[in-house]
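J.: What follows is the residue order along each chain.
Number of protein chains: 2
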Amino acid sequence: MRLKSGLLRGEVCDMKELELGEARDVAATLEAMPIQEVIDQVERTSITKGAVLLRLLSKDRSLLVFDALGPRLQADLIGAFQDAEVLDYFADLDPDDRVSLLDELPASIADELLRSLDPQEKQVTELVLGYAKGSVGRWMSPQVLLLFDDMSVAEVLDFVRNHAAEAETIYALPIVNRARQVMGVVSLRKLFIADPTLKVSEIMVRPVSVLASADIEETARWFLQLDLVAMPVVDESNMLLGVLTFDDAQDIVEQADSEDSARSGGSEPLQQPYLSTPIRKLVKSRIVWLLVLAVSAILTVQVLDIFEATLVEAVVLALFIPLLTGTGGNTGNQAATTVTRALALGDVRKSDVFRVLGREIRVGLMLGALLGAVGFVIASLVYGMPVGTVIGLTLLAVCTMAASVGGVMPIIAKAIGADPAVFSNPFISTFCDATGLIIYFAIAKLVLGI
Amino acid sequence: MRLKSGLLRGEVCDMKELELGEARDVAATLEAMPIQEVIDQVERTSITKGAVLLRLLSKDRSLLVFDALGPRLQADLIGAFQDAEVLDYFADLDPDDRVSLLDELPASIADELLRSLDPQEKQVTELVLGYAKGSVGRWMSPQVLLLFDDMSVAEVLDFVRNHAAEAETIYALPIVNRARQVMGVVSLRKLFIADPTLKVSEIMVRPVSVLASADIEETARWFLQLDLVAMPVVDESNMLLGVLTFDDAQDIVEQADSEDSARSGGSEPLQQPYLSTPIRKLVKSRIVWLLVLAVSAILTVQVLDIFEATLVEAVVLALFIPLLTGTGGNTGNQAATTVTRALALGDVRKSDVFRVLGREIRVGLMLGALLGAVGFVIASLVYGMPVGTVIGLTLLAVCTMAASVGGVMPIIAKAIGADPAVFSNPFISTFCDATGLIIYFAIAKLVLGI
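Which chain is which? The protein sequence lines are A and B, in order. 1 is the number of the first residue of the first sequence in full-length UniProt numbering; add one for each residue after it. 1 is the number of the first residue of the second sequence in full-length UniProt numbering; add one for each residue after it.
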């Protein structure tokens, strides 16, 4: 079906241009689309058109789509909505998702929205807002049922049935003692098939729980690895505060991976889908890093300036500059990317710095020996043995240096509280460029005797 | 607690060296550890030591830990186990996880393991094995309950209670008609609080389902965005074949993100935790790309060879080579990383190639204008106006070229069936190096009149 307005094809259109008949056609098309396709459409178009699409959807589907979008895009859409619509979408979100959205909104709008909630919803939202950004508390749902370990299976099932609406999930249920301390966790599945006369304490399992003050990204990663639906969030004295659910953990990990991906490519994360991001935001996300890297690259100009006399003597050396700095950069990036990912997944920790260094020196030496041998043979054949020797030795030294630095830099970045992804890849290249040139000319002067 | 053997500190040890008393100490320490910490320990050590740790755990915890590891690491551990142990771990896995593990094992061992299963488990495992790698079928659980739309809520609940053991999940239940076609989905939560006399068709919702032949990575991404616990997998005639659960979708996305991360850093994915990977595997994962990139970089040597006369005339030009190729590479990588991630998330599709090109040309021009202005001023001050003009103009041209190429390359890669992450970043740098040099010397010859 082809629509004049191009609303579903990413062309220019606005609500006013949309004739009534056509709006009805688009609405019908949207209603027939699988929900994931509708989400994609909203993510692949401008904010104005995204808002129009949401408005044309039926109420429940529109809430579902809005829910699935990231908080940055949600905030932009909120700006394009009318007040009454905003309140609907906002009230429908879970407390933790609501807080993520509030973080993205200007303070005045956030306050107004918070005031619009009914007293109970407002209270739970403010509770979540009370935790530090980046902590588990900020992402938990405080809407949790109090189930005591002296209850029978039948009592628990009854209680859950009558209070299901008050809990974000009823599939994994924390069990507490009378002091509200978490004693175990039981799945609805297990409750459901258990002998109803048993005490719940007899069928519950040892809880996997997390402190509300813990780092959310680290927690989300290991939580997902355990394939759990939800896990209790507790305070220092093991008192139940809320639950963390798998869907929030997923959102966190996806966002963290997108951020790492952007930063390891040398730009700031967009926080929203590419096609819905205005050009000036794209430029803004990239220009700072480009400038910083270009300014650091002035270092390479200075290094070459120092060796200008050597260059004049043997211009042939200039020919290999991009190849050698490129190979150094590539080797460094390989190590940095591998270790950054391993740090994110928790496979490597700060205390492993010397194990990583030892491994990367060995890997770098082996890579350097292989590439150096190839480089020696080829360069010797074309430019003679002395130049070949310089190239071979330089590749050996540069690869070893680059792999070690690339492996260790992300760990140092993490240790000083910086994002390993920022501090590693983009800087590795520049660092390897400058250091590689010094190594290159030092070896050249030695071997060629200039 | 400090253990002589260093089993928990990553030092050398093997089972034979471990004295009985100490084994008991390690076992006690492990039992007291949170499960996620035990998983980390296994992932951060060698295969031999990982197998020892698993053996020292209590049975149920050991199965839980094994379950949480990736299939590559599972396969390596299987090699270090005794036969009887292997069968225990293998039988405990879900059919889809079992198939992922089988894929990593040598054919003879895989066959033997498959034969060891009881007939019913063997049958479901073979069913999953029948689907193509990379398809949804390969990851679904065929263990699904047949619930018909003419059943009442009470009947469904009864059936689920009595057959829970036969289903991977009972939290999201597909409802079929008598021809086994999926008509809707109902959550256990909804069933649980619904009026038991209602027909299940009255409370079920429109199903979000997926074809068994669909691409698993794409499916997993949008499935996770919808925050669902499970979704029905169907054939072309909408017949129920199985369910896809959130934990499998998570594993797939994590693995895909790790692969993208490795490839965009220019190495092959390790498929297992960094510290448990032997050095020679690390070298193997990197050497091929390094060689390919180094050989392509010979292009830059040739380009410079062509312009050697110009270089001899004005050696000052050599000073800026790393800065200019570096900036081109950075700009290209920024665009490539952003678009690769957007492709993975489904925010950009193949058909968007011209929208992306248009956006990146504009972004590249703006970045180039800003950097070019800075470059012109600085280079003019130090090396005079003519050199400044060459640097400024080159930066403008190189940034525009790099951003457009970087934005479009991942889409072209995907269109020809290659991995956007491989084909984009590592190649972008080399391509930008060579093209950037041509642009540089062309502008230099023009402006400086040499």
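A few of these clues could be false.
Simulated restraints, written as ranges between beta carbons of each label pair [unchecked claim]:
(1) A/Glu308 / B/Met385: 19 to 27 angstroms
(2) A/Glu126 / B/Leu198: 34 to 42 angstroms
(3) A/Ala132 / B/Ala164: 37 to 45 angstroms
(4) A/Ala91 / B/Phe354: 34 to 42 angstroms
(5) A/Ser58 / B/Arg180: 39 to 47 angstroms
(6) A/Ser237 / B/Gly130: 38 to 46 angstroms
(7) A/Ser58 / B/Gln123: 56 to 64 angstroms
(8) A/Pro34 / B/Thr48: 44 to 52 angstroms
(9) A/Ala442 / B/Thr48: 28 to 36 angstroms
(10) A/Arg161 / B/Ala415: 49 to 57 angstroms
(11) B/Val292 / A/Gln302: 50 to 58 angstroms
(12) A/Leu381 / B/Lys281: 26 to 34 angstroms
(13) A/Ala91 / B/Ala214: 28 to 36 angstroms
Within a straight-line C-alpha distance of at most 25 angstroms, the following computed DSS-like cross-link-like pairs (lysine-lysine) qualify [said to hold, decoys possible]:
(14) B/Lys190 / A/Lys350
(15) A/Lys122 / A/Lys59
(16) A/Lys59 / B/Lys122
Simulated from the structure, these hints should not be mistaken for laboratory data. Please read all numbers here as calculations on a predicted model, not as lab measurements. Ideal Cβ positions, reconstructed from N, Cα and C, are used throughout, including at glycine.
J.: Going back to the hint list, which numbers does this structure go against?
T.: 5, 6, 7, 9, 11, 14 and 16
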